[in-house]
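Colleague: Based on the sequences and whatever the hints tell you, model everything.
Spelled out, the chains give:
Protein chains: 2
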Amino acid sequence: MSKISINADRLLGRLRELGEIGRDPSGHLTRLAASDADKLGRDTFIRWVQTAGLDVRVDRLGNIFGIWGELSPDRPGPLLVGSHIDTVIDAGKLDGCYGVLAGLEVIQTLMESGKVPDFPIAVAAFTNEEGVRFAPDMMGSAVFAGALSADAALGAFDTNGSTLGEELERIGYAGAEPVGFFRPRAYLELHIEQGPVLEREGVDIGVVEGVQGISWQRITVEGQANHAGTTPMSMRRDAGVAAARITTFLDELANAGAGALVATVGCINFSPNAVNVVPGKVSLTVDMRSPDLTILKSAETRLAGYLDRLSGQTGCAISSERLAMTDPVLFDKDLVRTIERVAAARGLSSRRMTSGAGHDAQLLADIAPTAMIFVPSVGGISHSPKEHTPDDHLVHGANVLLETVQSLSLA
Amino acid sequence: MSKISINADRLLGRLRELGEIGRDPSGHLTRLAASDADKLGRDTFIRWVQTAGLDVRVDRLGNIFGIWGELSPDRPGPLLVGSHIDTVIDAGKLDGCYGVLAGLEVIQTLMESGKVPDFPIAVAAFTNEEGVRFAPDMMGSAVFAGALSADAALGAFDTNGSTLGEELERIGYAGAEPVGFFRPRAYLELHIEQGPVLEREGVDIGVVEGVQGISWQRITVEGQANHAGTTPMSMRRDAGVAAARITTFLDELANAGAGALVATVGCINFSPNAVNVVPGKVSLTVDMRSPDLTILKSAETRLAGYLDRLSGQTGCAISSERLAMTDPVLFDKDLVRTIERVAAARGLSSRRMTSGAGHDAQLLADIAPTAMIFVPSVGGISHSPKEHTPDDHLVHGANVLLETVQSLSLA
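One line per chain: the protein sequences are C and Z, in this order.
Note that the working numbering gives residue 252 to position 235 of the first sequence, counting from 1, and the numbers run on in steps of one.
Note that the working numbering gives residue 44 to position 27 of the second sequence, counting from 1, and the numbers run on in steps of one.
Any given hint could be a false lead.
[What the hints assert, rightly or not] Covered stretches of chain Z (in silico footprint by chain C; criterion: 3 or more residues with CB under 8 Å from a CB of chain C, positions within the stretch not fixed):
#	stretch
1	212 to 222
2	294 to 300
3	368 to 377
Source of the hints: derived by calculation from the structure; they are not laboratory data.
For clarity, every value in this text was computed on a predicted model and none was experimentally measured.
Ideal placement from N, C-alpha and C gives every residue a C-beta, glycine not left out.
Modeller: Here it is as structure tokens:
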């Protein structure tokens, strides 16, 4: 099999061009799902898909597919590559768009090389991955994979009271295809890491074995607000001290987890929050993640046991409320090995890793063999204008995707 | 010396009546310094002082004195009793008013009993003890005791841009007397405890030996905001975890202090304060108090050392800023012993204690032998409509003040 490579200038040029759509006068990039800016981004993407000679299909939920080859109800569906092109507020230009435009680039390169794959290959841009305007996130892929009903998704409201369905109609992206009109034979998603590991370790390619499970809780500690001067230490029920003990407990629990658990207290609110008053009530959030469901459940159990003991020790009432729970997702072992082999064959260093953030791929994994490819994020920064990956890393990642697609689809 | 007692009905009735002045339509009591409500409270107090037959004097700062007997520049000044009648927002009716009205009651009782003291006795209502509208607090007593200039105090602005001087003129309480127009031979202040100790221990009378010194600091921890899912524990600089460690360090330091130190982290703010972001920056306040300056300074030094070590351990930049520092005040040992003896003679239990809150007495202690008498606060609650002391405790406290004044002034 002769080695081919993607057209780096075309890919990087399209990333730059799409990254200019949705910038406000002060230069901030925002393309929320089903907004006017999203429409302009979608129009541009579809123009490129058509230029490449692909068949464009849009489903009821606004998911866009560019398909090379004929879909047939009698045969397994296409090999699908993709991601999303909606953004957060004040975003970078790579999150999502990189996977979509590299997917298109891979197909276009294969078409131009004269290769004929054994089955259709398609690129997807899923609607509302970010979940900033309409909840939940990863919405388009969730409906596509049958994890959420189309009606529920289309009925989701934004803060202005508009539904996603109304907004898709308005921007002309309530498509004709039923959601899930084909079932992919496999799904590959290329993405920036959005974390610091690859850059810190000097590794070119992250071979993603799965997505961490996420447990979110809100803990409320009710003690007694008291005068900070007149209340002896022995007579206090200080909700702030209890919250501090919870925070250090979680930090120690996660640090003892040998990389298999992260835990974060990201949000805390004291009441009354005054310099001379012992905090009477504190609420804090706990974000725990692990690629291993057993470890995540065990961390939840250990936290619950600690809260019980702490309540007894401090006299504070401590309650917790679940905000979210998603199970870890394991990607396809064969695909992971293929990506690893392809990276090595191109002379790129790689490491296996788990995604700490959520991606469309975790929904697709329910209905098709799935894996992801990561490239380094400078400083681990994402969801920010500072999001950056050097061009050579972007090109390396797209070539790994290209060769993985080739090795799966060309005999 | 025959045992006399104060007129309980008169004292309790006046406390109730003054406690109705400054209530808004929904029942909340607020008489901020030099407000219209404060004017009405002052007018009422002066009417009672005049009814009792005392000479009313008001100084430039609005401090009100009711004097029994003739002041003479050739002799030591009067024995002074008092407190303040301004309140916080949504206050109880006892904080300050109890000491002022009990002081008047003591003098009126002595006058009615036909006793003739060896020297003048006076009751004081000091301006702006609470410091809610004009800073600093304990303002009237601070100027009276020479710790603050009259011009600085009168020039203090409220949030509407009015000065205390203008407001005192407006309500008719910019008096004729120079501030400090007499120097008291001693000062006694009766007050509710505003803490839980007396009630919890079932003790009738707190004999106050002094006022705690106060150290306020704001600590700022600067780490690195990161994605809570994609950032391994080993690559974090979590400002929230560092803040939690500071909080538990202070709690342990104070708990090891055997009652000689209290420490409170009352106020904390995380940035960005989001469930899925490692806190990048945290500010927190530290309130430390001790009756012993050596212990307070040592606690500050130990905290500073801990912050240095923690910064090294966590990679967070940690800085601290002093917000306030007042030295502890020691009251007069002879007065303390006298109060203790008087309480015992009236069959009341007592314990020595340190005031955790600030009072006019700590300023007066600079210019005259001074002590305070505390009565129990139900639940330790103050600065709240829930502030409460049972009537019998209020009467006991006033009688201890009466007999202390008697034993000091009547041969």
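Colleague: With reference to the structure, classify each hint as holding or not holding.
Modeller: Status of each hint after checking the structure:
1. 212 to 222: n = 4 at 8 Å, threshold three: holds.
2. 294 to 300: holds (count 3)
3. 368 to 377: Coverage by chain C holds for the stretch 368 to 377 of chain Z (4 residues, Cβ < 8 Å).
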